[in-house]
Each structure stands twice: as C-alpha cells, then as structure tokens.
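Asker: Two chains, two frames, a set of hints: combine them into the complex.
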Amino acid sequence: MSEVKRKYVTPGELIATGNYRPISNVIKVNDNFYAIKIGLAEISHEGIRVIPLSGPYIPKVDDLVIGKVVDYSAFSWEVDINSCFFAYLPAQSVFGRNFSPDRESLPERFSIGDLIYAKVVTYDRTRNPILSISGHGLGRVPKGEMIKIGPAKVPRLIGKKGSMIKTIESATNCRLIIGQNGIILIVGPPDGVLLATQAIRMVESEAHLASLMKDIQSLLSGSREV
Amino acid sequence: MVELINEKGLRIDGRGVDELRPLRIEVGVLKNADGSSYIEMGKNKIVAAVYGPKEVHPKHLALPDRSVLRCRYHMAPFSVDVRKPPQPSRREIEISKVIREALEPALILEEYPRTAINIYLEVLQADGGSRCAGITASAVALADAGISMRDMVVACAAGKVAGQVVIDLDDTEDKEGDADLPIAIMPNLNQVTLLQLDGIMAPEEFEKAFNMAVSACHRIYEVQRGALIDKYFGKGEAGEE
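Residue numbers (our numbering), protein chains in the order written: chain A, 1 to 226; chain B, 227 to 467.
Pulled out of the complex, with its shape left as it was, chain B reads as follows (with noise of 0.2 Å):
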C-alpha cells in the first residue's frame, strides 16, 4: 500500500492538498480545426479541435431550431503505461457523452440551427482527471472557433485521499483513494455543468471537497483566459479605426 500522504502532510508527487498540479494551455495549435487547443495538467496531455458550425451528416440527425453538439473523448494507444485498444471502450463513450453534456449548457446553440459542432478530444498522455482536463481544453476551442458562448467551462476534480480532502487527483490518488469528485463550472455565470462522486464522502467533507474544487476552477479559469488573451492580443493596444 503506497502512503498517499506523508507525515509532513505532502502528496504522493509532494503537493500539498490544496494544490493544482503545473497547468499549461496553448491556443491555435492546429490549423486545419476551426478552433483548438492543447492543455497539459500535470502529465495529462491533451488536444483538443472543434469543427463546425457546418452542415450535418448523416442529414436526418439535424434539428430545425438548434445545432447538434457532438463530442469524441479518444485516448490514443500509446497514452497509458500497457497499450490501449484503439477503438472506443465503454468508458470513452461515456465519458464523450459527461463532456458534451458538460458544455452544452454554456454554448447558445440555438444561434446555428440546422448544423453541427463537433468537439475532438486526443488524450496523448493520460494521468488522471483527463475528463476534468479534456472539458477545460474544449471550451478553449470552442472560444477558438467563435462559437457563441454563454460562459466558458472548466472542470477540476476534487476527493478523498488518505482521509482527507483534496484536489485535482493524479492518477494514483484517483485509483487508490477512497472518492473522486469531478466537477465542471460556468465560472462567471456561478453554475455547475458537470458534478459526478465515485466513492464515498460524508456530507460535510462533499461540501469541503465541492468548495474547495470550485475554488480551484476560478484559479483554472484564470490559465484559460490568460491563453486566450495571449493569443488573440499578444501586444498592442486595443483599437478600430
């Protein structure tokens, strides 16, 4: 048994428990997608693209007053330590299926109907929290791609780890603990897209962990503007003639 947390009240990969592992996120990275993004989140990699709005196929799955949202959570053969099958498992389709429903309520998809907006996730290096990190990425491209958005979306998971709360589980943690709690906000408009609890949690240390995950995707948040504005007005002042 691995001791998750040590004496001095340190993490496995020595965080304390109130601390998100290195962010990064990079804006644009593909050119032939309407919008993308890349994140890494610790040893998570992930690309993220967005096609569309475009015309739907096959024609009978469009809807006359909205777009369709379609996602795909793929995690690449090579992503994990003994290779994984390409073809989605149970798990990817479940998880495509938590993410879309995760960004469908910040995207007004009522503004293109008629079409389809399809979300492309790679997970290149998986290491836990890959759904909290592939929902982060995708709202980045969708902002990317100047899809009309009410809100961004950023995910981060908080749990329970040796007895106590904490967040953004790496791998380990998230197998060997005792809870996972994913959740996924509308920083600015204060609403919750995405709220899932494998384990157990008694009723106050959910409202810790729920609390303290919140908090930890205001400071995601942050990393995602900051990319955005990076790369939209890397220098100069702002102006239209």
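If we strip away everything but chain A, and leave its shape as in the complex, we get (with noise of 0.2 Å):
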C-alpha cells in the first residue's frame, strides 16, 4: 500500500493536480482539486478527499442517531436529530403493521421530550429521514447524561475500530452512547460521567492531531489536567 500524504486545508485551496479520483469534500476544476471544506485533506491510492472539521449533519442510512421527539401526529412522531431536516418515526414501526390510531395512542408511547435512540432507514435529498427502533439496544433512552459534540467530529471519538470509545468507557467504568448526529449519553457513576466528559470535550478540541489517544490516556489516567 502507498503511503497516504495529509495537509491541513481550508475551502478553495488547491490539494493537488493531476489524475486522481475525487472520494469526499473536494472539487475537480480542469485537473485540479480543491477542498471544499476546513479539514485534513488525505491523498492515496484510493484518490482524495478531505476530512472535514465541522459541518452539519447531514443523514445516511443507517446511521444510529440519539434524537428528541418533538411532536406527534396520529401516524407518527416528529423527532430532532441535530440536523437540518426533522426525522418522523412512523407508528407502524413501533407498534407493529396492523397499527390503528384509535386503538394506540403515541403519545404513551414516546412524549415529547423524550429522547429515543434510532436508526436511520431511509433518506434522500428530496425527502426527510425516516427512523425506526426494531433493533437491538433502540428504542427510548431511560436515563444518562447528554452532551452534544460536532457530528464532524464523531469518527474521531469512535476511534479506528472502536478504540477511542473503548478508551474512554473503561477508564471511567461509563457506557457511552453515541449517535452519529453529535449528541452523546454517557451512564454511569458521577464521577466517570465527569471524566468522560472531560475526555470527549478533549476529543472534540484535539480532533485533528495526530497525539489525541496519547492525549486522553494521560488525562484519563489522571496525570494531565485540561
């Protein structure tokens, strides 16, 4: 495998020129490519792209994301999930096909205010998210603290695999959830909440260096202060 090249880019500048494939965030104007977005711009075989360092949340399929039910109607529930576009969760997929407004009532089901852990089922540009909770673990959160975070940012603090959760979760004996849309809950002990707390806002600051797991180690076992 070819080594990948990464530069820190801001919109408009020039990554590279040349016959390359275009992956993500980057724009090919006679040859050239251009970010489209502050990020770390990465070049390899595969071709370029750039990843960002903010930017909305934009829904895909099957994402998990942790939304806020914000109003309901008698087919469905209108939920916040931190992004430019409402998601509805529909009636039927909670309570089943053969689902009658007059015999279930939504709001005993999920009020409003309630936050519900959900998978995105499907999604394009032309229509709003639609989500379901058949799954394991989905369905309405009970208890936990919540903190938001840049969506941008939630591939870092999952980590390659899962490292940078598994990190974080072990050393404050914290269950962290996290949707891909930038809201958090973290269970667990006061203390480890606080902890983990203070580890993810790390994440969040530190994104884009290379020294972040050593970074949050060193906090997490208690040697470096933020």
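Derived from the structure by calculation, the hints contain no laboratory data.
Do not take every clue at face value.
[Said to hold, decoys possible] Okay, derived cross-link-like pairs now, DSS-like style, lysine-lysine, Cα gap no bigger than 27 Å in a straight line: (1) A:K160 x B:K457; (2) B:K457 x A:K153; (3) A:K148 x B:K257; (4) A:K166 x A:K148; (5) A:K214 x A:K161; (6) A:K5 x A:K161; (7) A:K148 x B:K457; (8) A:K119 x A:K68; (9) B:K457 x B:K269; (10) A:K166 x A:K68; (11) A:K148 x A:K68; (12) A:K7 x A:K161; (13) A:K68 x B:K285; (14) A:K148 x B:K280; (15) A:K5 x B:K457; (16) B:K280 x A:K60; (17) A:K143 x A:K68; (18) B:K457 x A:K7; (19) A:K153 x A:K119; (20) B:K234 x B:K434; (21) B:K457 x A:K214; (22) B:K285 x A:K60; (23) A:K68 x A:K153; (24) B:K257 x A:K68; (25) B:K280 x B:K323; (26) B:K280 x A:K68; (27) B:K271 x B:K257; (28) A:K153 x B:K280; (29) B:K280 x A:K119; (30) B:K310 x B:K323; (31) B:K257 x A:K153; (32) A:K214 x A:K148; (33) A:K28 x A:K60; (34) A:K143 x A:K166; (35) A:K60 x A:K161; (36) A:K7 x A:K153.
Predicted model, so just to flag it, every value in this text is computed and none were measured.
Answerer: As structure tokens, then:
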C-alpha cells in the first residue's frame, strides 16, 4: 500500500493536480482538486478526500442517531436529530403493521421531550429521514447525561474500530451511547461521567492532532489536567 | 476641502496608495452560532454569524433542489457619528442583497436542499468599505460553519482619490474621492463575484484600479486563511489514527 499524504486545508485550497479520484469534500476543476471544507486532506492511491473538521449533520441510511421527540401526529412522531431536517418515526414501525390510531395512543409510548436512540432507515435529498427503533438497544433512552459535539468529530470519538470509545469506557466505568449526529449519552457513576465529559471535550478540541490518543490516555489516568 | 493625498504621496491616514488598512480576523467568536467571525479592517468592526443549514421558515420559501441563502447586513445605531435608526434602511437592504449575491457563487447550495442558510452581519463601527469587510468576514464564518464552498470569497475596494488610483478607501476618501470600485473575488478560482462602481474613471484607470484591488484581495485572503488555520490547527501535527 502506498503511503497517505496529509495536509491541512481550507475551502478553495488546491490539494493536488493530476489524475486522481475525488472521494469526498473535493471538487475538480480542470484536473485541479480543491477542498470544499476546512479539514485534513488525504491523498492516497484510492484518491483524494478531505476529512472535515466542522459542518452540519447530514443523515445517512443505517446511521444510529439520538434524537428528541418534538411533536407527534396520529401516525408518526417528529424527532429533532440535530440536523437540518426533522426525522419521522412512523407509528407503524413501532406498533406493528396493523397499527390503528384508534387503538394505540402515540404519547403513551413516546411523549414530547423523550430522547430516543434510533436508526435512519430511509433518506434522500427529496424527503426527510425516516427512523426505526427495531433493533437491539434501540428505543427510548431512560437515563444518562447528554452532551453535544460537532457531528464532524464523531468518527474521531469512535476511533479506529472503536478504540477511542473503548479506552474512555473502560477508564471511566461508563457506557457511551454515540449518535452519528453528534449527540452522546454517558451512563455511569457521577465521577466517571465527569471524566468522560472532559475526555469527550478534549476529543472535540484536539480532533485534528495525531497525539490525541496519547493525550486522552494521560487525561484518563489522571496525569494531565484539562 | 481636505487634502486627500499630500505632496509626499501619503493619504489622509498616512498610508501609501497601494497599502491596506490594518486587518485582523478572528474565527468562532460566537458560541451560539454555527459559524462566526469578527473582522477589524481599519476602524471597521464587524461581527458575522452563520446559522444553518436549517429548516426554512416560512416553509413556502424552501426550494426543492437547493438551499436558500439569506443575508442581513445591519449597522448598529452607535456605529456611526450620528445615531443611525436601528431599522433596516434602503442602503442596508441593498447591501444585504449585494453581499448575498457575492457569496452565492462560492457556496455549493445544492448540497443542502429544502434548507436555509442565514448570515447576519452586524457592523459595530463603520469606516468606509464595510460591505467589503462584511463579505470577507462572512466567507470566514461560512467556512467555520462547515458549509461546502467552491472557494473563499474576499473583497476589497479600489478607487480614485485626488486623481490617483488607491486601494481600500476609508470613509473620508469614499465621500470626498472621485470614484469607488468595490470588488469581490474567489481567489483560487480567479473569478469575480462582485463589481460595483460609484463615480467616474477612465478605462485605463479602471483597469489599474481593478488589478490593484485583485492583488489586495489576494493579500486579504492570506489573512483569512491564517485566521482559519489558527482556529482549527492552532497547535500540533496533522494526523488521523
């Protein structure tokens, strides 16, 4: 495998010229590749991509998200998923195929203000995302401390194959529920929650640094103050 | 009548003809906005805030294939010598439109269909060339908000003062001078997104002024870029594990 070249870029900055494949957050103008977001540009044998460091959450099918119920109608709940679109959770997917609004009452299941952990089942640019709570661990979130980070920083918080999240979880005795939309729930003992919050804030502010994992480990072991 | 350029060739505030006012840009000054910036260009002080993309209200304004860009340029009542009434004036409404149209070509609005992106520009202190400073600040705030952009947008004015072509006019030069030519460009793509001219210039003067303004824009772009790099990559080496 050829090595990957990285550099910091701002929108409009020329990343490379030549015959590459644009992967993400890149535009091509006459063989020149320009970044369209602030982030880390990566040039590899696969092509060019920019890992953004800021930006809104754009839903993707199969994403797990944490959302807040903001409204309901006779047939669905409206959920705020920290995105530019509201998501819908159809009552049929919760109560089953033969759901009838006369028999079941929606607010008894989820009322306004409830947090739910759900999966995006359909989304395209013409329609708002539709959620589902069928799946292991999905549904109403009963307890936990909620914090928000920039959606662009979520992959960094998860780490390679979940390494970062595992490190934080084992050091703080907490369980982290991460929504791809940048909403995170921490469940565990109070001092663990505090430490995990500090760690997550550190991931957010140092997401672009190569030394992040080391810094997090020293924070968690108590040898470094924030 | 004030002497706009003295016998040494210096302007009213002591600058040379091809010299910018002191410039400072800060990124992420407002916690509640999705993206924000603060610019000081000479005595201009402007805060830019970007909200969005988010759902459009009223809903009928939403476009099915792209985002709606909205811009509000507003001068604080205390931004000028004589109190300015706070409601949007004819001039502010026009400048809002001009700024919006200068930024639109740089944004990839098709990426956010059925949404709105709002830009708020608050002029805290005005000293001529505030539309240019506003455009420069908005572009930084948009980049901070993480909205996809083909390029940054930078703006700078050139003009004719006491028969000479100069750049980055201040308030006195703007009022007493012969012509004012604000332009905005996308510096990497080399495209013009705003070009206005108030006053009279000979064709060769126009060409000179235009070229001087473009090169000034490139200098301002470096400051813009530096401000963003500072905020996002302030310390340490690049890396992703």
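Asker: With reference to the structure, classify each hint as holding or not holding.
Answerer: Each hint, compared with the structure:
1. For the hint linking A:K160 to B:K457, the alpha-carbon distance of about 25 Å falls within 27 Å, and the restraint holds.
2. Only pairs whose Cα atoms come within 27 Å are accepted, and B:K457 paired with A:K153 is accepted, the gap being roughly 15 Å.
3. Under the criterion of a C-alpha separation no larger than 27 Å, the hint pairing A:K148 with B:K257 is consistent with the structure, at around 13 Å.
4. The suggested pairing of A:K166 with A:K148 holds, with an alpha-carbon distance near 19 Å, which does not exceed 27 Å.
5. Only pairs whose Cα atoms come within 27 Å are accepted, and A:K214 paired with A:K161 is accepted, the gap being roughly 17 Å.
6. Distance hint between A:K5 and A:K161 is fulfilled; the C-alpha atoms sit about 22 Å from each other, no more than 27 Å.
7. Taken as a hint, the A:K148 and B:K457 pair is honoured in the structure, with Cα atoms around 20 Å apart against an allowance of 27 Å.
8. Restraint check: the Cα-Cα separation between A:K119 and A:K68 comes to about 13 Å, which is no more than 27 Å; the hinted pair holds.
9. Between the alpha carbons of B:K457 and B:K269 the distance comes to roughly 23 Å, so the proposed pair stays at or under 27 Å and holds.
10. Under the criterion of a C-alpha separation no larger than 27 Å, the hint pairing A:K166 with A:K68 is consistent with the structure, at around 26 Å.
11. For the suggested pair A:K148 and A:K68, the alpha carbons sit about 13 Å apart, so the restraint of at most 27 Å is met.
12. Restraint check for A:K7 and A:K161: satisfied, since their Cα atoms lie roughly 23 Å apart, inside the 27 Å limit.
13. Taking the CA atoms of A:K68 and B:K285, the gap is near 22 Å; set against the 27 Å cutoff, the hint holds.
14. As the CA atoms of A:K148 and B:K280 are separated by approximately 17 Å, the hinted pair is consistent with the 27 Å bound.
15. Of the pairs offered as hints, the one joining A:K5 and B:K457 holds, with about 22 Å between alpha carbons and a cut-off of 27 Å not exceeded.
16. Of the supplied pair hints, the one linking B:K280 and A:K60 holds, its CA atoms being roughly 17 Å apart against a limit of 27 Å.
17. A distance of roughly 13 Å separates the Cα atoms of A:K143 and A:K68; the hinted pair therefore holds under the 27 Å criterion.
18. Proposed proximity of B:K457 and A:K7 is supported: the alpha carbons are some 16 Å apart, at most 27 Å.
19. Pair hint A:K153 plus A:K119 holds up; C-alpha atoms about 19 Å apart against a cutoff of 27 Å.
20. A threshold of 27 Å between alpha carbons decides the hint, and for B:K234 with B:K434 the separation of about 21 Å falls inside it, so the pair holds.
21. The hinted pair formed by B:K457 and A:K214 meets the criterion: a straight-line CA distance of about 22 Å does not exceed 27 Å.
22. With a C-alpha separation of about 24 Å, the suggested pair B:K285 and A:K60 falls inside the 27 Å cut-off, and the hint holds.
23. Distance hint between A:K68 and A:K153 is fulfilled; the C-alpha atoms sit about 20 Å from each other, no more than 27 Å.
24. Proximity of B:K257 to A:K68 is assessed by CA-CA distance (about 22 Å); at most 27 Å being required, the pair is judged to hold.
25. Simply put, B:K280 and B:K323 have alpha-carbon atoms about 20 Å apart, close enough for the 27 Å limit, and the pair holds.
26. A C-alpha spacing of about 16 Å is found between B:K280 and A:K68, which places the hinted pair at or below 27 Å, so the restraint holds.
27. Restraint check: the Cα-Cα separation between B:K271 and B:K257 comes to about 19 Å, which is no more than 27 Å; the hinted pair holds.
28. With a C-alpha separation of about 20 Å, the suggested pairing of A:K153 with B:K280 holds against the 27 Å cut-off.
29. At most 27 Å may separate the alpha-carbon atoms for a hinted pair to count; B:K280 and A:K119 meet this at roughly 21 Å.
30. Proximity of B:K310 to B:K323 is assessed by CA-CA distance (about 20 Å); at most 27 Å being required, the pair is judged to hold.
31. For the given pair, B:K257 sits about 17 Å from A:K153 by alpha-carbon distance, which is consistent with the 27 Å threshold.
32. With a C-alpha separation of about 23 Å, the suggested pair A:K214 and A:K148 falls inside the 27 Å cut-off, and the hint holds.
33. As the CA atoms of A:K28 and A:K60 are separated by approximately 24 Å, the hinted pair is consistent with the 27 Å bound.
34. For the given pair, A:K143 sits about 20 Å from A:K166 by alpha-carbon distance, which is consistent with the 27 Å threshold.
35. For the given pair, A:K60 sits about 19 Å from A:K161 by alpha-carbon distance, which is consistent with the 27 Å threshold.
36. Restraint check for A:K7 and A:K153: the C-alpha separation of about 17 Å stays at or below 27 Å, so the hint holds.
Violated hints for the displayed structure: none, as all numbered hints are satisfied.
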